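Novice: Taken in sequence, the protein lines are chains A, B and C. Heads up: the first sequence begins at 1 in this note's numbering, then just goes up one per residue. Heads up: the second sequence begins at 1 in this note's numbering, then just goes up one per residue. Heads up: the third sequence begins at 1 in this note's numbering, then just goes up one per residue.
Hints are computed from structural coordinates only; laboratory data are not their basis. Note that the structure is predicted; figures quoted are calculated from it, not measured. Be careful, since some hints might not be right.
[As the list claims (entries may be wrong)] Output of the computed footprint for chain B on chain A, the stretches with three or more beta carbons under 8 Å from beta carbons of chain B:
1. 87–100
2. 176–183
3. 187–197
Just so it is clear, CB atoms sit at the ideal spot from N, CA and C, and this is done for glycine as well.
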Amino acid sequence: MKYTKKDWLLAGLTGVSLAVILLLLAVLLGQIVWHGAPVISAEFLTESPDADMISGGIWPAIYGTVFMTLLMTIAGVPVGIATAIYLSEYASPHSRIAKMVRIAVNNLAGVPSIVFGLFGLGFFIIFVGGSMDAILYDDTTPVWGKPSILWASLTLAVLTLPVVIVTTEEALRTVPREFRDASLALGATRFQTVYKIVLPNAKGGILTGVILAVSRGAGEVAPIIFCGAANFLPYLPTDLRDMFMHLGYHVYALATQSPNVDAARPTLFGTVLVLLVLTFSLNLLAVIIRARSRAAFRS
Amino acid sequence: MNEPPEVAVRAPSQASNDVKMETRDINVFYGDNHAIRDVDFDIADRSVTALIGPSGCGKSTYLRALNRMNDTIYSCRVEGRILLDGENIYGRGVDPVEVRRRVGMVFQKSNPFPKSVFDNVAFGLRIGGEKDKDLIAQRVEESLRGAALWDEVKDRLQRSALGLSGGQQQRLCIARCLAVWPEVILMDEPASALDPIATAKIEELIRELREEYTIVIVTHSMQQAARVSDFTAFFYMGELIEHGKTENMFTRPTRKRTEEYISGRFG
Amino acid sequence: MTLRPRRAKSKLASSFRTPLWHRVAERTIALLALAAVLAIALIFVFIAREAVPMLWEAEFAEEVQIRDLFFAKEWRGYDEPVFVWQPVGEPAKFNVMPLFIGSLKVTLLAMLMSIPLGVGCAMFIALYAPRAVREVVKPAIELLASIPSVVLGFFALMVLASWAQATFGFHFRLNAVVAAIGLALTIVPVIFTISEDAIQSVPSTLTEAALALGARKYQVALRVVLPAAIPGIAAGVVLGFGRAIGETMIVLMASGNAAIMELFDFTTSVRTVTATIAAELGEVAQGDPHWRVLFLLGVMLFAVTFVLNILGDLFIQRLQKKLTAS
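The shape of chain A in the complex, shown without the other chains:
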C-alpha cells in the first residue's frame, strides 16, 4: 500500500508520541541507574543508616519492606483467591451477590491510595486497635491502637485485593469448561471439581497474579505514611506492633524532609534503584511464569 503525504504525517505524529514516552522512560531509568549504581555496595545493602540518614546503609528499609510485603500477602491472597473462586465457580452470573461483589471489586481498584491510608487510620488503628486496647488493657497508653507494621500490612492487603481477585478469576476462566463437565459427570461435587481439577490447572495464572499484587503492594507509600512507616528506627521490627522502615517511604522522607537534600542525593538514587530492582524482578518473574504456564497449556 502506498502512503501519501498525509499518511506520513499521521505516522510521524503518532510516532513522535511513542518517541516521547520512550525517551522519558529511558531518561528516568538511565538517571536512576547512572546515579544509583555507584552507591550500591554490600555495606549499603546490609547496614543501617547513620543518624543523619545520609550515610550508611538501607538494610532496615529492605527488611521492613520485605516483612510488610510478606504479612500483606498472607493476609490478602487467600481472601482474594477465595473471592475469585466464588465468582467464577459458585455464583450464578445473574445473582445479585455476584454483581455486588464485582462492583465492589471495581470500586476498590479505583480508591485513591491516600484514602486507603485514611482507612487504615480510621478503621484498623483507631477502631480495631483502639477497641483491642480498651478490652485488653487498663491504662491509656496505646498498645495496638497505634501505627504498626500489622496495620500497614492489612491496609495494603485490602488495597491489593482487586489485583489478586481479577487475575485469579482470569486464570480460572482459562480452564476449559470440558474439564469441569467431565468431573461433575463423574459424580464430583463442585468443591471437589474446584479443588482437584480447576485450581491445579490455574496455578500458573494465579501465581502470576499474586506476584503482581505483591509487586504493587511493595511500592505503595501513601497508605503507610501514617499507618506504620517510620523515618528512622534504631531497631528492626520483630513484633507486629512495631513500626518499620520502608524503601519507598525512605525515598519520600529523604527527598522531602532531609535537611541537606544534595548530600542525600546519592543515597536517594541508590534507594530508588534498589526499589526499582525489587519491583522489576517481581514483575519479570510474573511474566516468566505466565509465559511458561501458557506454553505448558498449549502442549
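Fit chains B and C to the supplied structure of chain A, relying on the hints for placement.
Specialist: Relative to the frame of chain A, chains B and C by itself:
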C-alpha cells in the same frame, strides 16, 4: 466406598427389557426458550437406546436431563419427573452428585484430564472416597479392559492421557466412566469427532457394554443408530415424535415426520 | 471383559459422606467473597466517622464555619473575600477551594498531555508499527506502568524540575507543570493500554470495507477506526482521570505544596487534596477540627472516584454493546 453387594447376575441372553428409567411430562426451558416439550418415554434396561433427530431438536438437552447435568447451566429449568429404578431424580432432597454416580456420561469431544491415564480412570473412585490402593488399581485395569483399551495403554499408565489418539482418548473417557460402576451410561455423539476406524471400535464397544449397562446414545447418524441400538427415539423441534424398537422405526415408521427424516428428506 | 455384580438397589440418598472440611471450606469461600463488599463499606463508614462529627461538635464550630470551607471569606487583614487554606494560621483558615483547584489544575494538565501521547502511541502501534516494534513497545509500557509512583515523584522532583526550570525559566521550581508531567507518566500507560485494546477490537470488516472503497490508510485510521474506538478510549480517559485525581506521591513530591489559589497560571506551585491529606495528617491531633476537615477531604475524594468509576463502567458497557451488535 463400600463394595457393591453380590447379587446373581442375569445371563445376557435372558436379559429382559425391564424399564430402567422413565421420563414423564418432561419440559425443559432455557430462560424463556421452551426447548423440550412434554416428553413421555421409557428407557429399557440393559439395552442401547438411540436418540436421533436434526440438529437443534433437543436430543442433547434431553440427554443431559437424565443425569442432571443441566443443573450446571444457570438458565436451565427442568419440569416433570425422571425416575431411575422408580425414584425421581429431580425429587426434593436428591443430590445430583449421587445421581451422576449412577448415571454416567461420555461427551462428544473427549475430555480427559491433563493427568496420567491411571489417574484419569481412578478419578471417579478417589473423589468417591475410595482409599484402597489395590482396589483402585484393580478397578482401573477392569475399566480399561472394559473399554477395550487395556492392551494399548498398559505400558504407559503413568504417562499423560493427552498423548493418546482421539479414539483412544474417547475410550479412556468411557473407561473413566465405567470405573465408578454406573448403571446407565449416557453418550452424546461419542464418535462424531472420530475417524471411521475409531468409530467402528466405539460402536463395537457399545455393543459389548450393552450386556451390563443401560446405554442412551445421541447420534446424528441414522446408520449408526441402526447399527448399534435396540430402541430408537426420534426428536423433532423439542418434541418426541416417535419411539420404539429400532428395526420397526426404520422399516415401518408410523409417523410421517419420522419417515421423512429417515429417508433423508431433511436433516 | 469381567461381569460385575449388580449393585443392590439403593435409595437416592448419599452413600458417600462429604468430609466435613469440604463443607467448611465452601462456607469459608462464600464468606470471604464478601470481603470486597465489606471493605468498600468499611472504608466509607470509617472515614466518614472521623469527619461527620464536625456537623455537631462545639469545638469544631468554634474554629470553623462549614460554609467557610467552600466559600470565600473576608478574613482580618485581607481587603476582600479570599479562598485560603492555612490551617496553621491565626485564626486557622480551612477553605478547600485552593486544594480543589490545585488538584484540578494538575489533573487536567496531565490529561492534556497524556491523551494525545497515549492515544497517539496506541494508534502508531496498532496501525503503522511493524511487529518487531510492537513486541518491544508493549513490554516497555508495561514496565512504565509498574514503576511505583514514589519513584516517578522522585524523578519529577530531582530531574524533571531542574530540566524544566532550565528550559522554561519557571519562577517556582516545583509547580503544576512539573507535577503534571510526572502524573502523565503514570496515566499514559492506562490510556495507552485501553486505547490499544479498543483500536485492536475494531472489527477488521470495517477497515476492509473502507479500504475496498479506496480510502487511504490515514483516512481509515481517522474516519473509521478512531471513531469506532471512541467508547473504549473514553473509558480509558475516565479511568485515567480517576487515577490522576487520586494520585498522591507524585504531587506530594513535585507540586510545590503551596496552597495558592490561582486559576490560570500553571507555573505556580499548587497543593492538591491528596497531598494535603498526606502531608498534614501526621501533624494533627486526633479529633481536632483540622483532623475532621482532612477526613472530610478524604470522603469527598472517595465520592469523586466512586462516581468516576461508575461512569467508566458505563462507557465500557456501551463499548461492549457496540462491538457485539456490529
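Novice: Hint by hint, note whether the structure agrees.
Specialist: Hints, verified against the model:
1. 87–100: The restraint on the segment 87–100 of chain A holds, since 3 of its residues have a Cβ under 8 Å from chain B and three suffice.
2. 176–183: Contact hint for the segment 176–183 of chain A vs chain B: holds, 7 residues under 8 Å.
3. 187–197: holds (count 6)
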